[in-house]
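Undergrad: Sequence:
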Amino acid sequence: MASHNPHRVYISTTARSNQYLLAEFKPDAAFYQQFSSHEACYQQLAQQLFALLPQYDLRNVQLIANDKLPVVRFHQEAYTLQTEKQILFFYNPKYHEGQGIFSQPDYQARKIRVVFLATGEELRSQAAAFHSKVVQCLQAWQQQLPGKPALKLRDHQQLSYDLFAKTKGHKESYGYKLRGLYPRYKARHCALPDEHSELTYVTVTLPLTRQLKQQWLAAGATDFSPLYQQLQQRFVEACAGKKLDRLAIVANGLTPVVRSSKWDQIEQNRELQKISFNPDCTEPQLLTFWQADKLVESAHFIIVADKDDNTEFGYGRFMNQVEDALRSFARQLEIPAERQDLIVRFYQHISYILPAA
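Residue numbers are given in the numbering used here: position 130 of the sequence shown equals residue 140, and the series is strictly consecutive.
Please keep in mind that the hints were generated in silico from the structure rather than gathered at the bench.
Here the structure is a predicted model, which is why all the values come from computation and not from measurement.
Check before you lean on any hint, since a few could be wrong.
As the list claims (entries may be wrong) - Ranges of calculated distance between the beta carbons of each label pair, as one might list FRET restraints: (1) Q44 / S271: 42 to 48 Å; (2) R349 / P115: 53 to 59 Å; (3) D204 / C291: 17 to 23 Å; (4) R26 / Q275: 29 to 35 Å; (5) K253 / Q225: 15 to 21 Å; (6) Y184 / R220: 34 to 40 Å; (7) R244 / D318: 22 to 28 Å; (8) Q44 / F323: 29 to 35 Å.
Built from N, CA and C at the ideal position, the CB exists for glycine as well.
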């Protein structure tokens, strides 16, 4: 059981992993002048990139030239959904492969992005090898780019599972140490630069069910602040005393995007709420995003690890504390564990610059 080893978190074997690397650069006017049109630019860049993929056994790679943010999710069927600001890639790493170019007619991209989706079965154990292959491929591609620009590289890993899986009868679990990416990669001979940024956090999305609304909102209410205030109070209380004090609540109808403040600042658009945390800061932080006159379908709760949570063993202790907090939160809200899923997503990001070739 988890109590036998506080540095491991025991997660249902129904959990799902995914990993993708996102590389990007900002082409300037001189870059685009090397091509007859920006459409020709994207086609040539993609052809050069895709020609390299077999050499590095990279099987699912997408070039994005429409300034939309990629979002990756597990699904038994492979498909892509575009909104105004996002491209959502749904796929099963065991089976789905592909290549694609995403651009818009008569639109010149401010950033050119490439998404490398991990494929196979043992994604976590193969993560360092996948990272190394992507870096080698990018360095070869860099040599063919006009000006050989520097590339910003982000490695995103996610482990998602239902907090109530055991209650629903899924008894089998696996013990994870959840080691930090830098030491885990180093142990597998995948060298990362000293100058990098790591961010580790957990998200939970809570549907605002009729039961929750009836509990804290009067019939016909147009001021929804009592609901949001109660959720905020109970979430903060559940995290108190567990060294979980870097928190965010997003209940404004936008999709949260968590980033390191080293690269990004807090901002929003019509679809996305960008939230920035300093991974090296240990000061408490509570960020809340909701509007009293706007009732949304779901609320997102975010818990960010600080540097002390990354022990020599990993983030296992942190995740045990997170699970304790989320179970307490769920009990306060009287969430029916037998009937409702509460999907926990554990994220690990590492970012750095691949210097100009």
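Undergrad: Hint by hint, say whether it matches the structure.
TA: Status of each hint after checking the structure:
1. Distance hint for Q44 and S271: a CB-CB separation of about 35 Å, inconsistent with the stated range 42 to 48 Å.
2. For the pair R349 and P115, the supplied restraint of 53 to 59 Å is violated, since their beta-carbon distance comes to about 47 Å.
3. Taken as a hint, the range 17 to 23 Å holds for the pair D204 and C291, whose Cβ atoms sit roughly 20 Å apart.
4. Between R26 and Q275 the beta carbons are some 31 Å apart, a value that agrees with the proposed interval 29 to 35 Å.
5. In this structure the supplied range 15 to 21 Å is violated for K253 paired with Q225, their Cβ-Cβ distance being about 29 Å.
6. At about 35 Å, the CB distance of Y184 to R220 agrees with the hint of 34 to 40 Å.
7. In this structure the hint that R244 and D318 lie 22 to 28 Å apart at CB holds, the actual value being about 25 Å.
8. Distance hint check: the CB atoms of Q44 and F323 are about 50 Å apart, inconsistent with the given range 29 to 35 Å.
When held up to the earlier numbered hints, the structure conflicts with 1, 2, 5 and 8 and fits the remainder.
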